[in-house]
Amino acid sequence: MNKVRKTGNDRIVQAVAGEEDAGSRLDRFLAMRISDLSRSRLKLLLLGKQVLLNGKTIGDPAYRVKPGDKVEVRVPPPEPARPKAEAIPLAIVHEDDELIVIDKPAGLVVHPAPGNRDGTLVNALIAHCGDSLSGIGGEKRPGIVHRLDKDTSGLLVVAKTDRAHQALSHQFADHGRDGALVRGYLALVWGVPEPRRGVIDAPIMRDPKSRERMAVLPGGRRAVTRYEIHDRYAGKDGLPVASLIECRLETGRTHQIRVHLTRIGHPLLGDPVYGAGFRTKESQLTPKAAKAFDKLRRQALHAYLLGFVHPVTGKKLTFESRLPPELFRLVEALKSP
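The working numbering puts the sequence shown at residues -6 to 330.
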């Protein structure tokens, strides 16, 4: 049983190792005893000299615990987040004390980075969540466990607490192999893939010729995408010109769907990075479809389905998002003769 006390703004947690803990690494022992902090956070506390073992400072996460060892952890309050808070409107699908699910619009960058320090989803969440962020890794910031490209729209879950961040990260690292995590995308692609449903299993890595692109190359990380055609659309000559497909991910590599669909010869409509070589296809669109396509100005990819197990309640949560207006209009135009 842990003992907890407050010293100023710090929380002091004390634990005594039992016979069942003998031989456990110190960071694992602490993770089991202090479940609301992630192992990465506990490791930072160890390295930051915030842990005492039998009254003496210890900074070795790999120390093997002995029965009777007395461990004391000083947990400082979360520091203010480095990114600034910005009042950016958010489409909130679900929110509780542990997490928040957002329907991200195209054009919104998820995380601050060089060239995109402000105006990101993280800036918006810091402003929206305020004091309900209990701290991820010691900072008051949202915990990003997966991302969507700037110009991909759809559902995104973000952790508000360290324990939610840890649990959700494990689910996304498992990529749904245990059935907990489900991610579905709707994509408009050039042409009609064959067969009607299939699996693309091709390794992905950074393109050595361009740092902005990913590529299918030997030695890349394993990447698996399952797809199924939902609808197909004819061009002005009556021949198939595009199709609506659903993609399910078994892995989560950067640009995975975009790269894999290009690999099989059916890149996303509007993809400026991977679909540039298919611009001649535009001339085959009907006038109505061509007009809607001209207004798209981004890749036609939408994360419409997200399911996961709540990190605290254990309840399976599933969310769906309709196609945003620009994609819905394009689909309707493609259907029209």
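Possibly wrong hints are sitting among the right ones.
DSSO-like, lysine-lysine: derived pairs with alpha carbons at most 27 Å apart [stated by the list, open to error]:
| # | residue 1 | residue 2 |
| --- | --- | --- |
| 1 | K(-4) | K77 |
| 2 | K36 | K(-1) |
| 3 | K49 | K77 |
| 4 | K202 | K309 |
| 5 | K(-1) | K49 |
| 6 | K36 | K49 |
| 7 | K274 | K143 |
| 8 | K288 | K274 |
| 9 | K284 | K328 |
| 10 | K59 | K143 |
| 11 | K328 | K229 |
| 12 | K36 | K143 |
| 13 | K229 | K284 |
| 14 | K143 | K288 |
| 15 | K229 | K143 |
| 16 | K42 | K59 |
| 17 | K36 | K63 |
| 18 | K(-4) | K59 |
| 19 | K42 | K(-1) |
| 20 | K274 | K229 |
| 21 | K63 | K(-1) |
| 22 | K274 | K309 |
| 23 | K308 | K274 |
| 24 | K308 | K229 |
Computed Cβ-Cβ distance ranges for the label pairs, DEER-style [stated by the list, open to error]:
| # | residue 1 | residue 2 | range |
| --- | --- | --- | --- |
| 25 | R206 | D53 | 38 to 44 Å |
| 26 | R206 | I81 | 24 to 30 Å |
| 27 | D194 | P265 | 22 to 28 Å |
| 28 | K42 | G191 | 52 to 58 Å |
To be clear, the hints were calculated from the coordinates, so they are not data collected in a lab.
Quick reminder that beta carbons are idealized off the backbone N, C-alpha and C, glycines included.
Structure-based check of each hint:
1. K(-4) with K77: Not satisfied, since the Cα-Cα distance of roughly 35 Å exceeds 27 Å.
2. K36 with K(-1): holds, 21 Å
3. K49 with K77: violated, 38 Å
4. K202 with K309: violated, 42 Å
5. K(-1) with K49: holds, 20 Å
6. K36 with K49: holds, 17 Å
7. K274 with K143: holds, 24 Å
8. K288 with K274: Distance of about 16 Å is within 27 Å: holds.
9. K284 with K328: holds, 13 Å
10. K59 with K143: violated, 49 Å
11. K328 with K229: holds, 11 Å
12. K36 with K143: violated, 32 Å
13. K229 with K284: Cα-Cα ~13 Å, so holds.
14. K143 with K288: holds, 17 Å
15. K229 with K143: violated, 32 Å
16. K42 with K59: Judged against 27 Å, a Cα distance of about 20 Å means the pair holds.
17. K36 with K63: holds, 18 Å
18. K(-4) with K59: Roughly 19 Å between the alpha carbons, so the hint for K(-4) and K59 holds.
19. K42 with K(-1): Roughly 18 Å separates the two Cα atoms, so the pair holds.
20. K274 with K229: Holds - the C-alpha atoms of K229 and K274 are around 11 Å apart, at most 27 Å.
21. K63 with K(-1): Between K63 and K(-1) the Cα gap is close to 18 Å, so the pair holds against 27 Å.
22. K274 with K309: Violated, at roughly 42 Å.
23. K308 with K274: violated, 46 Å
24. K308 with K229: At roughly 49 Å apart (the allowed maximum being 27 Å), K229 and K308 break the hint.
25. R206 with D53: 38 to 44 Å: Roughly 42 Å apart at Cβ, these two residues keep to the hinted range, so it holds.
26. R206 with I81: 24 to 30 Å: holds, 29 Å
27. D194 with P265: 22 to 28 Å: Cβ of D194 to Cβ of P265: about 26 Å, so the range 22 to 28 Å holds.
28. K42 with G191: 52 to 58 Å: Given about 54 Å between the Cβ atoms, the range holds.
Of the numbered hints stated above, those contradicted by the structure are hints 1, 3, 4, 10, 12, 15, 22, 23, 24, listed in ascending order.
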